Amino acid sequence: MHPIPKLVIQRLALGLLLLFAASVMIFVGTMILPGDVAQAVLGQNATPEALANMRASLGLDQPAVTRYFTWLSSALQGDLGTALSNGRDIASSIAGRLQNTLFLAAVAACISVPLAIFLGLLAVRYRDRWPDKLISAITLTSISLPEFLLGYVIMYLFSVQWGLFPSVSNINDGMSFLQKLNAVALPAMVLTLVVLAHMMRMTRAAILNVMQSAYIETAELKGLRRFTLIARHAMPNAIAPIVNVVMINLAYLVVGVVVIEVVFVYPGMGQYLVDHVAKRDVPVVQACGLIFATIYIGLNLLADLISILSNPRLRHPK
Amino acid sequence: MNDEFRYLLARAARGKLDRRAFLGRAAALGVASTAATGLLSKAVLAQGPRAGGTLVMGMQGGESTNSLDPAVAASQVPFAYGYCTGETIVNIGPDGSLLPKLATEWEASANAQTWRFKIRSGVQFHNGQTLTAEDVAQTLRRHSDENSQSGALGVMRGISSIAVDGEWLVLETATPNADLPYLLADYHLLIQPNGGFDDPTSGIMTGPYKWAENEPGVRHVLEKFDGHWDSSIGHFNSIEILVINDATARNSALQSGQVQLINRVEPRVAGLLARAPGVHVESTAGRGHYVFIMHCNTAPFDNADLRMALKLAINREDMVERILRGYGSLGNDMPINSAYPLFDDSIPQRSYDPDQARFHFERSGHSGPVDLRVSDVAFPGALDAAQLFQESAAAAGIELNIIREPGDGYWSETWNVQPFCASYWGGRPVQDQMYSTAYLSNADWNDTRFFNPRFDELVMQARGELDLDNRKALYREAGLLVRDEGGLICPMFNDFIDAHNDQIAGWVANPAAELMAGQAPIMMWSAT
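Respectively, the protein sequence lines represent chains A and B.
Under this note's numbering, the first residue of the first sequence is numbered 4, with each subsequent residue one higher.
Under this note's numbering, the first residue of the second sequence is numbered 54, with each subsequent residue one higher.
Source of the hints: derived by calculation from the structure; they are not laboratory data.
The structure displayed is predicted, hence computed values, not measured ones.
Do not rely on the hints blindly, as some may be mistaken.
[To be verified] What follows is a list of derived Cβ distance ranges for each label pair:
| id | chain 1 | residue 1 | chain 2 | residue 2 | range |
| --- | --- | --- | --- | --- | --- |
| 1 | B | Glu225 | A | Ala55 | 25 to 31 Å |
| 2 | A | Pro66 | B | Gln177 | 45 to 51 Å |
| 3 | B | Asp424 | A | Pro66 | 33 to 39 Å |
| 4 | B | Gln182 | A | Pro66 | 43 to 49 Å |
[To be verified] List of simulated lysine to any residue pairs, SDA-like, C-alpha gap at most 25 Å:
| id | chain 1 | residue 1 | chain 2 | residue 2 |
| --- | --- | --- | --- | --- |
| 5 | A | Lys183 | B | Glu276 |
| 6 | A | Lys183 | B | Thr301 |
| 7 | A | Lys183 | B | Gly106 |
Cβ coordinates follow ideal geometry from the N, Cα and C atoms, glycine included.
So that you can see chain A by itself, here it is in the shape it has in the complex (with noise of 0.2 Å):
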């Protein structure tokens, strides 16, 4: 067999094994909070007749390892149950959910991911100097602040001042594709400067790396233009580093923009995960838990693979 379908074939088995860990990881760790849906849900108003009859009637009776493998089938079917807290069934509820996620971090991903390696390669080209050290600075302040005080100073700036975007973020079906971009741009203005430093860094750092090399300073005699040299030689030879920083933080566009999403009221995954969690509603949880582990080691399955077939070493192996 050729290396690649059977890596491809390897790495996949390897991911769907994590991803059954993972799936156990989440419900022990829905089963260690403290207190059950059937309190939470109550609240301060529970009486304990109340209480028991909405654990007989979710089936929190049972004992865990039947309720987790009931789950397990059932999830394999496509069928992720209904909400424990409000009756609504999970796939439908998580679908928009997913979509607006995955729709945000696709706008954030759109603007950062370009910029953050153009930059990167003009840090490398004018390394040291002003426009490597500006950029560095920039991006630097920009990952040092905490994401809610960035979301807040924009929203401040660009919706309460000078009203050119909505500072809530609210999208829903009925706007058009345009509308929807404009609600939201700051969220995606604040993602962006929250990985920018993170992939540019990455970038410079591994093209700089590469730049050691004798066949670079070849080119380098050979007259090549600066900016060319480094786009169409280093940066070739620096994918597999660069992908992998990428892909972490797309992961972390899609799974982890709680706060952004509070700040801006966004109706993401993270805010749906978060309300489910405190009403201990686990197989929300559990669903939502399982999209997550399954977007993230995705995307890092992805990033390997792309390491690996960037290397024509491992391509064409002898």
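Put chain B on the given structure of chain A with help from the hints.
Showing chain B alone in chain A's frame:
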């Protein structure tokens, strides 16, 4: 004020002249814009409600787990959309009196054990069905069923029989209860067709608005229901509730004009927000209170002297000033204040007295630190309040050891479990309900473990007493028992702080709950 200005004002108030044009022309007449704005909002109020427009609210207290079943409503957003879409049989007005809603009149038997409510005729549900007394009876039956998950189960427990007599609903209580109609104003008890037995989450009720879109935890869109029986409410064509749980985001949304009405303004920013142009901050003294609670039956708090020492060791003025920034009033170690009917304001105010506190502490024989469990979910600023308490107690020689509990799970693991912790109460419409919820020996949430036979007797006696002066005297004595012997340390009553901009008008404070006791969306109107 000259005639031309008066003419402009009238036109602007009727909406025939837009705000900006009005201010511009007022300025040309030499009237400063702040003065003109003030006059305009008064004129709008005097003009009375105008139909039309859309209300957009930004609210804290919505989760993606919210249900349309009124029985399980527990947070602010379900509370608000509940009152837009559904109705109780009676309502509590701004002055604490009962107002007819789906019941037009009611009467009690002489012993206050049989209550009859006449159900309004000609009321339509959103699906076109006509309201009957049977629907009301079924609703109450669903909520009083032990199998239900209703938040009003405790309220309903006193009702022993629910029957229908033509247009009348007849309720019997096991013991006399002079406050029964007040209990039926509970926000869970929205009347549903066939009591909601068929589909509790259908959202079909009798309110002035019906459901258009429901995305729990994100937004809720309601449309005017044309068949509503009462034309004096429901002025907006539609209402959109956006769930904005972040306080700063809520303020920004109001300031940038994306929403017109918000709830839960934080006391520390209320003053700043009020200075923003076109924004009105509405602070309403209510019945909600922030508390530290001790279990009267658990060592060391089973010692009356220790409880008294702690009560004397807290500086209430300081807390109102620093924790509530003045948006509140002093507590008096009882859950009742002047916002309740039949409150006796001659009960002396307890104040900070380190010497007396030291005296009681020494007499209690307790030594070593006292553990106090706190989390900021108990009430906003609970950690700071605990630290203030720690300092004022230290001056009396009492060492408080503050244990910070995780917010997640606080209501199941700490409150009503640990013997000394921070908490809050939202208050109830009448004294009896507050006491029977948390202070009677058999109360569902006796979170101070207060078992006092004399107190139980007084509350029971007051419940059946139809003479108001006698009831007031009974409640005075009961209140003093809680204040002097109970496990409640109540430093402050918090105000509800809401805010709206000048695009809407018609605010009337109601001490029962936030947002004019949930009536703001259906009673306010568009002023643009």
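Hint check:
no.: 1; hint: B:Glu225 with A:Ala55: 25 to 31 Å; result: holds, 27 Å
no.: 2; hint: A:Pro66 with B:Gln177: 45 to 51 Å; result: holds, 49 Å
no.: 3; hint: B:Asp424 with A:Pro66: 33 to 39 Å; result: holds, 35 Å
no.: 4; hint: B:Gln182 with A:Pro66: 43 to 49 Å; result: holds, 45 Å
no.: 5; hint: A:Lys183 with B:Glu276; result: holds, 24 Å
no.: 6; hint: A:Lys183 with B:Thr301; result: holds, 22 Å
no.: 7; hint: A:Lys183 with B:Gly106; result: holds, 24 Å
In the structure shown, no violation is registered for any of the earlier numbered hints.
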